[in-house]
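*Asks:* Spelled out from the first residue to the last, the chains are:
There are 2 protein chains.
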Amino acid sequence: MTKPPDIESTVPKAVVSRLSLYLRELQHIVRDGSDTTSSTQLGQLLGFSDAQVRKDLAYFGQFGYPGIGYKCQELITEIKKIMGTNRAWPVVLVGMGNLGRALLGYKGFEQQGFHVVAAFEVNPKIIGTQIEGIDVYHIRNLREIVINNDVKLAIVAVPSGEAQSIAEELVQAGIDGILNFAPVTITVPDNVSAVGVDLAIELEQLSFAVVNQTQKP
Amino acid sequence: MTKPPDIESTVPKAVVSRLSLYLRELQHIVRDGSDTTSSTQLGQLLGFSDAQVRKDLAYFGQFGYPGIGYKCQELITEIKKIMGTNRAWPVVLVGMGNLGRALLGYKGFEQQGFHVVAAFEVNPKIIGTQIEGIDVYHIRNLREIVINNDVKLAIVAVPSGEAQSIAEELVQAGIDGILNFAPVTITVPDNVSAVGVDLAIELEQLSFAVVNQTQKP
Numbered sequence: 045m046t047k048p049p050d051i052e053s054t055v056p057k058a059v060v061s062r063l064s065l066y067l068r069e070l071q072h073i074v075r076d077g078s079d080t081t082s083s084t085q086l087g088q089l090l091g092f093s094d095a096q097v098r099k100d101l102a103y104f105g106q107f108g109y110p111g112i113g114y115k116c117q118e119l120i121t122e123i124k125k126i127m128g129t130n131r132a133w134p135v136v137l138v139g140m141g142n143l144g145r146a147l148l149g150y151k152g153f154e155q156q157g158f159h160v161v162a163a164f165e166v167n168p169k170i171i172g173t174q175i176e177g178i179d180v181y182h183i184r185n186l187r188e189i190v191i192n193n194d195v196k197l198a199i200v201a202v203p204s205g206e207a208q209s210i211a212e213e214l215v216q217a218g219i220d221g222i223l224n225f226a227p228v229t230i231t232v233p234d235n236v237s238a239v240g241v242d243l244a245i246e247l248e249q250l251s252f253a254v255v256n257q258t259q260k261p
Numbered sequence: 045m046t047k048p049p050d051i052e053s054t055v056p057k058a059v060v061s062r063l064s065l066y067l068r069e070l071q072h073i074v075r076d077g078s079d080t081t082s083s084t085q086l087g088q089l090l091g092f093s094d095a096q097v098r099k100d101l102a103y104f105g106q107f108g109y110p111g112i113g114y115k116c117q118e119l120i121t122e123i124k125k126i127m128g129t130n131r132a133w134p135v136v137l138v139g140m141g142n143l144g145r146a147l148l149g150y151k152g153f154e155q156q157g158f159h160v161v162a163a164f165e166v167n168p169k170i171i172g173t174q175i176e177g178i179d180v181y182h183i184r185n186l187r188e189i190v191i192n193n194d195v196k197l198a199i200v201a202v203p204s205g206e207a208q209s210i211a212e213e214l215v216q217a218g219i220d221g222i223l224n225f226a227p228v229t230i231t232v233p234d235n236v237s238a239v240g241v242d243l244a245i246e247l248e249q250l251s252f253a254v255v256n257q258t259q260k261p
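Note that the protein sequences, when read in sequence, are chains A and B.
Under our numbering, the residues of the first sequence are numbered 45 to 261, in order.
Under our numbering, the residues of the second sequence are numbered 45 to 261, in order.
Take the hints with a grain of salt, since some may be wrong.
Note that the list lumps identical chains together, so a pair holds whenever it fits in one copy or between two copies.
[Claimed, not checked] In silico DSSO-like cross-links for lysine-lysine, where the CA-CA straight-line distance does not exceed 27 Å:
id, residue 1, residue 2
1, LYS115, LYS125
2, LYS57, LYS99
3, LYS169, LYS57
4, LYS115, LYS169
5, LYS124, LYS151
6, LYS151, LYS169
7, LYS125, LYS151
8, LYS124, LYS57
9, LYS99, LYS151
It is worth saying that the hints were derived from the structure and are not from the lab.
Kindly produce the complete structure, drawing on both the sequences and the hints.
*Replies:* Here is the structure:
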């Protein structure tokens with residue numbers, strides 16, 4: 045296998061999204077007991093062409109073996125390296141409403157190496173308590189905990205009106221990446237990344253699928 | 045404007061995802077007070093090329109005006125028609141744990157025309173109560189409520205171990221599309237659509253961005 049080239053910042057976002065999907069399918073394939081797979085199988089599982097799969101992976105290196113295809117475990121390791129999830133990421137979570145609590149209990153984060161190390165709130169009733177085994181702190185302790193735990197990623201689950209000011213506090217505390225669940229766009233400096241999660245988009249995709257399914261003869 | 049052609053079921057999924065993003069940006073642009081936009085502006089806001097924007101929209105028709113660009117309100121209407129969100133969708137939500145409660149309170153669904161008409165649980169303590177103004181029913185009432193309200197879409201927020209059996213009950217009750225938040229893949233018949241939401245994927249995208257940002261010289 046050749047060494048992957050330096051990852052360029054010009055890799056299209058859509059390719060990076062698909063890498064996550066390839067990673068999930070590879071993890072499923074391994075769980076189902078197979079050691080190898082192919083661009084055809086990966087493509088079929090996800091509804092892409094095999095050419096698309098090969099082209100996407102080619103941005104990062106040459107991972108296939110002639111006559112074998114991909115060795116699943118090896119490709120999982122490589123994709124995790126590319127995504128930065130070959131290491132554990134300590135994460136802080138701000139906002140302990142229903143969504144924040146739901147996210148604290150979400151098993152999918154831990155499975156992919158994201159460990160919530162602390163939760164933050166302003167409601168005095170729950171500061172000092174534990175939720176899902178995680179300590180809840182006052183937001184004024186943010187900077188200290190971020191520095192002490194070398195935290196780079198934060199999840200924001202506060203009401204829309206507070207999202208921007210929380211984002212600014214997170215940036216000041218040294219956070220490099222923010223996953224924002226508030227249904228509002230937040231502005232961050234160029235050296236910080238922000239990803240917004242819009243859950244209605246998924247429902248829209250579903251309504252598109254249903255409308256087109258029912259339109260079929 | 046020419047009439048859009050019949051939407052083919054062969055439109056790539058990635059194009060349909062981007063339509064949702066275009067719709068959101070158009071809604072923002074209108075809220076900010078502009079009546080028109082261009083493929084260049086839309087592309088810049090989302091990090092795509094203007095050619096990509098034009099190519100995506102061309103799957104569905106010819107929407108631009110020479111010397112003007114796109115009329116925002118008109119394009120919003122057209123995209124909503126394509127996505128099937130030019131109508132209101134009644135939706136049922138199954139599972140009233142933290143995530144289900146958070147989703148009941150999520151403003152983004154209502155904004156895009158998805159109205160949760162009923163919630164379902166098996167926990168007798170909350171059956172018969174209202175959460176976020178929505179009645180909570182026993183799961184055995186599912187079929188009746190789905191039929192009476194002509195519900196086609198359902199959101200599943202139950203534990204992983206229950207997701208498949210709930211999906212089967214939903215299909216039997218006449219549901220055509222399922223948005224699944226349980227971190228497990230559900231199997232549905234060919235005439236039913238299922239979309240899985242994997243929240244860890246968004247965090248992975250963020251770790252990729254952060255890793256590549258910090259690798260820059």
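*Asks:* It remains to establish, for every hint, whether it holds in the given structure.
*Replies:* We went through each hint and held it up to the structure:
In this assembly of identical chains, LYS115 and LYS125 lie within 27 Å of each other by CA distance solely inside one copy; the values are 15 Å within and 44 Å between copies. Taking the shortest alpha-carbon separations for LYS57 and LYS99, both the intra-copy value of 14 Å and the inter-copy value of 17 Å come in at or below 27 Å. For a Cα distance limit of 27 Å, the shortest separation of LYS169 from LYS57 qualifies neither inside one copy, at 41 Å, nor across copies, at 45 Å. Taking the shortest alpha-carbon separations for LYS115 and LYS169, neither the intra-copy value of 51 Å nor the inter-copy value of 50 Å comes in at or below 27 Å.
For a Cα distance limit of 27 Å, the shortest separation of LYS124 from LYS151 inside one copy, 18 Å, qualifies, whereas the shortest one across copies, 34 Å, does not. Taking identical chains as interchangeable, the C-alpha atoms of LYS151 and LYS169 lie at most 27 Å apart whether they share a chain (26 Å) or sit on different chains (25 Å). In this assembly of identical chains, the alpha carbons of LYS125 and LYS151 lie at most 27 Å apart only when taken from the same copy (21 Å versus 36 Å across copies). In the homo-oligomer, the alpha carbons of LYS124 and LYS57 lie at most 27 Å apart both inside one protomer (16 Å) and across protomers (24 Å), since each shortest distance falls under that limit.
Taking CA atoms no more than 27 Å apart as the test, LYS99 paired with LYS151 passes in neither setting, with 31 Å inside one copy and 38 Å between copies.
Consistency with the previously given hints fails for numbers 3, 4, 9, ordered from lowest to highest.
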